[in-house]
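Could you put the whole structure together from the sequences, leaning on the hints where they help?
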Amino acid sequence: MQMSDTREIKAAPSDVWAAILNPDVLKECIPGCTEVTGNRDEGFEAVVTQKVGPVKATFKGAVTLSDITEGERVTISGEGKGGPAGFAKGGAVVVLEPIPEGTRLTYEVEANVGGKLAQLGSRIIDGFAKKMADEFFTRFQTAVEGPAMPEEAAQNADEGGQAPGEQKKGWFKRLIS
Amino acid sequence: MPKDTGIGASTKRREDVRFLTGRGVYTDDLSLFGQAHAVMVRSSVAHGRIVSIDTAAAESMPGVLAVFTGEDFKDVGGNPAGWLINSRDGTPMREPKRPVLAHGKVRHVGDAYAAVIAETYAQAKDAAQVLADATVIEELPAIVDMRAAVADASNRVHDEIPDNLCFDWGWIEDNRAAVDAAMKAAPHVVTLELTNNRLVPNAMEPRASIGEYFPGTGDYKLTTTSQNPHLTRLLVCAFVMGIPENKLQVVAPDVGGGFGSKIYHYGEEALVLAAAKRLGRPVRWTAERTESFLSDAHGRDHVTKIELGCTKEGDILAIRTETLANVGAYLSNFSTATPTFLHGTLMAGPYKVPHVYVNVKTVFTNTAPVDAYRGAGRPEATYSIERVIDKMCRELGLDPFEVRRRNLLTPDQFPYTTPVGLVYDTGNYQATLDKAVELADVAGFEARRAESAKRGKLRGMGLSTWIEACGIAPSHLVGVLGSRVGLYDAATVRVNATGTISVMTGAHSHGQGHETVFPQIVAEKLGIPETSVEIVHGDTAKIPFGMGSYGSRSLAVAGSAMDRALDKIIAKGKKIAAHMLEAAEGDITFADGKFSVAGTDKAKSFGEIAFSAYVPHNYPLETLEPGLEETAFYDPANFTYPAGAYICEVEVDAETGKVDVVAFTAADDFGNVMNPLIVEGQVHGGVGQGIGQALCENTSYDENGQLLTGSYMDYAMPRADDVPFYTVDHSCATPCTHNPLGVKGCGEAGAIGSPPAVVNAVIDALHSGGHTHVTHIDMPVSPNRVWQAINA
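The listed protein sequences correspond, in order, to chains E and A.
Each residue of the first sequence is one higher than the one before, counting from 423 in my numbering.
Each residue of the second sequence is one higher than the one before, counting from 6 in my numbering.
Treat the hints as calculated values from the structure; they're not laboratory data.
Cβ coordinates follow ideal geometry from the N, Cα and C atoms, glycine included.
The reader is advised that the hints may include incorrect statements.
Unchecked claim - Chain A is faced by these chain E residues, among others (derived, beta-carbon under 8 Å):
hint : residue
1    : 455
2    : 505
3    : 506
4    : 512
5    : 534
6    : 536
7    : 541
8    : 544
9    : 561
Unchecked claim - Straight line, CA to CA, 25 Å or less: simulated DSS-like cross-link-like pairs of lysine-lysine:
hint : chain 1 : residue 1 : chain 2 : residue 2
10   : E       : 511       : E       : 473
11   : A       : 599       : A       : 579
12   : A       : 547       : A       : 577
13   : A       : 547       : A       : 573
14   : E       : 473       : E       : 432
15   : A       : 130       : E       : 482
16   : E       : 432       : E       : 478
17   : E       : 473       : A       : 663
18   : A       : 130       : E       : 478
19   : E       : 503       : A       : 130
20   : A       : 607       : A       : 580
21   : A       : 530       : A       : 459
Encoded structure:
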């Protein structure tokens, strides 16, 4: 299956770029992800637990980055093996463009599943993959620019000890600013 | 007055008592002392090169007894195709080796490349996953689409077969030019491109096998879900394992349906035997439902372009087809016969069409093997013909009933030699058509249509007049057509001393009702109660020989063998009676269970003769052998040709596209009917499967060769509310001219004749609603497809 979407992120392209290449960000943003290790040059190892319809599995897989144009474009490819559940693999081309509000992030995702996931979950796999992608980029956006919901921002502010009204920041942005 | 015993009686199925009370004994029900469990390790990719298999971790798992890989079987034989087909240019088909376990490459999702044997099923299952995780398979691009498969020589299912083509078959090649000329000269030509959807057989009982080895004697025993244990024995012994045939006993106990998928020998059967020998313990394997979806031989899967040349009045002048037939990744045992001689030879239908030419290209793909499934080739032929005739009627504004009447062969034309190589021995196709028209109340259809319209539904009526060739046998014909085995059958009739009878038959009953019907015939012939007769089948150690049950052959071939053996019993009984009654053998007559001296009141009952045969105190042993047991082999002169007319009425909801079959009438000519109740049940089942194909069932692989319909969540089987109450008739009987029972076979009929009747009805309904742009919808005619067609 193939999906594409565009997000406008209120952060500079350089911040967005750094976030994409950061394993901690990936771990936070990939739904069900419990572990990410590695780096951009040697690739990442990830562990993700997910339930697709009747199939629940822990996927272990490698993620590699290729076709890198620094700060602008990267191809992310990965394959996860879920034991008896089968496998999932796919790739995403992510392109960043500067816009007045910050960065326009465009992604094109291609995803495939095999084994039991395909045999039992095919009816729901398209919807599932779209949901996964949506959730990933929503979390990513939140991580980079801060939560979209004011209540959530307030809650974060309380936890972080920030005064109300102070410009909200994503945790990643706070980390690097 | 209907009979209540013997031939023609609607005796209730005696086997149902055990089936319906859960007392059947199926392969998986058997529990053997010391048994170990096998789990197959199957590919999760459609096409890949096996780089390495590390068995060490799996072998060290708790309870694991042995691990097998393709390497263990690389030196034994392959599972062969039963029919050799030549291409149009005379070259023989390409026949890649089908190994017990995949070696070198995996070729479809579910292709087994290893097996783990352990003390318990759970241990074997766990170790199989560890083995899968320790296997490196380099995935290759999958070959799924047949057109792409033959177009791209760079990507190959089998490295040695460059164009993924098994053969390019023309039938009859010598007639091709004449057919082309007739098509060119025809005043009107109708063209239709259609797909005959791929089906998963879905027998209620998944496949299962138990292997045993007896070191004391060197004997093997295979208990397996088979429709034909003798053929399985032949394949395992002579082709795959190299075991002497006399050292392997194959038993197929109660088998819960097959529909073709259990005709064939599968690798798991050889695996459990090899494992049993290595371990010295029984080894068992039972498929999970998903394994059945992945690894049972599927059915149909044809893509066809059919052209029909005709006059403006609807006289059919020529039929020409081009078909791509999917055989999947390997050649299953009947896979090369199904799209050729079970399909091309039927492409004249029941019609007096003078020119017919059939071209079939059979294609390897990275999908499960495809083979015969209830009807096997004949449903594909019937669907193509009956759909294109329906399209012709719409293009020319002709009445489909009238067009059939113009073209059907007439009773005075038999025996009739078709342009595709068969000789129809007998039939009366007008009679079954007239009967169907009467029973379906065709005259009242418009009133029913108006009534449906009031409820907002589009009502349509579809017709199909079908014929098939079955009673699959005559060795001399199938030999000419490429079969590597003979097709005949055998029976032994054993009369016990007390007069009861055991019949050892080569037919295998897996739902058909042989245990009820065969005794009816014995009872009728010998004048004894049906309950005195027992049918023994499904065990190579007990029955003389048999080619099993498929192709609607059990009664026509194995039943005829039994009939011949009964004739021998009667002849022997006359000899015994002549001795006992001190009369000449030629003066003895047999009727109503009594041997009598003609013209006298001297007689001996069948029971007295039987007892005497086993207590031969004063026999003249030079001229009269003790015992009363006879065997006959029967090889008929021709196929049998059941035929009939089916009328389907549907209601279509144009808002949702949902199709409801509201009435279905089947008027069939099965020749003589032995048990009307069982015949009716066979028609119900066949039509139910045909409606399933037409409306519900579809096997879907994605572009990577992943099976997307791998469970009942995604594969739609027909349910009770998808089918109507059927109207079934088989009174228009023209007895088969060449078998002693005059029977033609009824098992596949419903699945052959019904799909085009359903689709024709749907098209009729849409046209009645003004959606005349819809000329065809591929099966399954799902709500989505109907809605899309309406709104195209």
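Going by Cβ atoms only, is residue 534 of chain E closer than 8 Å to chain A? 6 Å, holds
Measure nothing beyond the straight line between the CA atoms of residue 130 of chain A and residue 478 of chain E; if it is 25 Å or shorter, mark the hint as holding. 17 Å, holds
Is the hinted pair residue 547 of chain A and residue 573 of chain A satisfied, with a Cα-Cα distance of at most 25 Å? Since the Cα atoms of residue 547 of chain A and residue 573 of chain A sit roughly 20 Å apart, the hinted pair holds (cutoff 25 Å).
Given hint residue 432 of chain E paired with residue 473 of chain E - CA-CA distance at most 25 Å: 32 Å, violated
Hey, does the residue 506 of chain E contact hint survive, CB to chain A under 8 Å? 6 Å, holds
Does residue 561 of chain E meet its interface restraint, that is, does its C-beta lie within less than 8 Å of any C-beta in chain A? Constraint on residue 561 of chain E not satisfied, violated at 29 Å.
Holds or violated: is there a CB of chain A closer than 8 Å to the CB of residue 544 of chain E? Check passed: Cβ of residue 544 of chain E comes within 4 Å of chain A, closer than 8 Å.
With the threshold set at 25 Å, check whether the alpha-carbon distance from residue 599 of chain A to residue 579 of chain A stays at or below it. Holds. Residue 599 of chain A to residue 579 of chain A sits at ~10 Å (cutoff 25 Å).
Min Cβ distance, residue 505 of chain E to chain A: is it shorter than 8 Å? Check passed: Cβ of residue 505 of chain E comes within 6 Å of chain A, closer than 8 Å.
Starting from residue 503 of chain E, check that the Cα of residue 130 of chain A is at most 25 Å away, please. The given pair, whose Cα atoms are some 17 Å apart, holds under the 25 Å limit.
Per-residue hint verdict: residue 541 of chain E, partner chain A, C-beta under 8 Å: 2 Å, holds
Does residue 663 of chain A lie within 25 Å of residue 473 of chain E when you go C-alpha to C-alpha? It is violated: about 32 Å lies between the C-alpha atoms, which goes past 25 Å.
Going through the hint list in order, the structure does not satisfy hints 1, 4, 9, 14, 16, 17 and 21.
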